[in-house]
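K.L.:
One-letter residues, chain by chain:
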Amino acid sequence: MAEGKALINLEFKEGVLEVQLAKEPCNEIGRSMLEALEKVASFCERGTFERHPIRAMITHSLVERGFCAGADLRELYAENAQAIAQGVSEKERQAEVGRFLRRIHAVMNAIDQAPFLTIAMVHGFVFGGGFELALAHDIIVAERSARFAFPELRLGLVPGFGGIPRLLREVGNAIVRDLVFTGRSIGAERAHALGLVAHLANEKEGLAIARRMAEQALRFDGGAFQAAKRFIKEVPEAMLAKEQEIFLERFITPWVQKALEHFVHSEDPMPYLPPPPQAFKESLP
Amino acid sequence: MKHEAITERLLELAARRFGCSRELLRPEQDFFEALDIDSVEAMRLLSALESEFGVEIPDYEVQDVRTFAGLAEVISRRVKHA
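Heads up: the sequence lines are chains C and A, in that order.
FYI, in this note's numbering the residues of the first sequence are 73 to 357.
FYI, in this note's numbering the residues of the second sequence are 3 to 84.
Looking at chain C on its own, in the form it has when it is part of the complex (with noise of 0.2 Å):
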């Protein structure tokens, strides 16, 4: 069984479901995406495929860049532009950005708890709304190219998908804050060696990995599996919400739609890191 084109690809074979992710460049969540992902969702809570119940999900990318870069920055930077020029409210943006991510915080927590192994098995960019994608998921694969890492303070805010308190969920506060406070990637060895990633595979041998995972999982009995889970994976619901309110609070700041803007018109080979400060302090309100 299996869906056409699309941003994401859809098969369902022998009780796994694999969610390829099909969008140039690189899987960037917008609008588009996110009612993409909102389908996975609904297979997620429903935990059935077309009547047929789903033992395991595993989520990958079709795309050479990676898995997920994140947030369509483009996107958010050009309506937030028109929102202004038109003259809406801070309130009604804030309003705006909060409806699209309270319906991402709802994606992510249904990938989250999902009676169901899921597994995102990830390569090249895992970046911002990318990482917190994986970060949903039960188990990490990841191949040799994979780099994590969180940008958002670049553009004045936190992440906002759910990232930290997840992050938390695997590993010490230590790391959290190294890479949220610098931006910085971390290439998949490390995140293996952190704990963060499960398996660690060579180019192009993740997708056999997770495959195997999940015939794995297809052997045990699937209430012990969803006993189990709910014990081990708690969703930081609290955190979630305080996440989502620091991010509302600072998508209003000025900082952020001239880094946006920034970050648009950017040929820095490594946008997603701050440029120097004189580059653009210079010209905030």
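One or more hints might be untrue.
Stated by the list, open to error - Over 10 Å on every C-beta distance to chain A, these chain C residues come out as not near it, computed from the model:
id: 1; residue: Leu82
id: 2; residue: Gly196
id: 3; residue: Ser217
id: 4; residue: Ala221
id: 5; residue: Arg249
id: 6; residue: His334
As the list claims (entries may be wrong) - Output of the computed footprint for chain C on chain A, the stretches with three or more beta carbons under 8 Å from beta carbons of chain C:
id: 7; segment: 39-46
id: 8; segment: 50-60
Just so you know, these hints were derived from the structure itself, not from any lab.
Note that the structure is predicted; figures quoted are calculated from it, not measured.
Idealized CB from N, CA, C, for every residue including glycine.
Place chain A on chain C using the hints.
P.N.:
Same frame as chain C, but now just chain A:
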């Protein structure tokens, strides 16, 4: 490990990984231009270097680095502390 040895290993790795001749690479070259790579491949190079030298190389340490010699300098500093 001596700085010269690090530079040599870096050039060999870059040549091997991006399919070009080692003889064509020189330390003072801009590695983006010499290897004809974009930001995605630069990230892969970073991971490969971390693996090769067994050190972590934070992106911000190489953010303004453009030459192989500059990269080797960053790696040398990290290797000393490893």
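K.L.:
Does each hint fit the structure? Answer for all of them.
P.N.:
Taking the hints in turn, this is what the structure says about them:
1. In this structure Leu82 (chain C) is separated from chain A by more than 10 Å, as the shortest Cβ-Cβ distance comes to about 26 Å.
2. Remark: the non-interface label on Gly196 (chain C) conflicts with the geometry, its nearest Cβ contact in chain A lying 6 Å away (cut-off 10 Å).
3. The claim that Ser217 (chain C) lies off the interface is violated: its Cβ sits roughly 5 Å from the closest Cβ of chain A, which falls inside the 10 Å cut-off.
4. For Ala221 (chain C), the shortest C-beta to C-beta distance to chain A comes to about 8 Å, within the 10 Å cut-off, and the non-interface label is violated.
5. Arg249 (chain C), annotated as away from the interface, keeps every beta carbon of chain A farther than 10 Å; the closest lies near 14 Å.
6. His334 (chain C), annotated as away from the interface, keeps every beta carbon of chain A farther than 10 Å; the closest lies near 15 Å.
7. Closer than 8 Å: that is the beta-carbon criterion, and the segment 39-46 of chain A has 6 residues meeting it against chain C, so the requirement of 3 holds.
8. With a threshold of 8 Å between beta carbons, the proposed coverage of the segment 50-60 of chain A by chain C holds, since 4 of its residues qualify and at least three are required.
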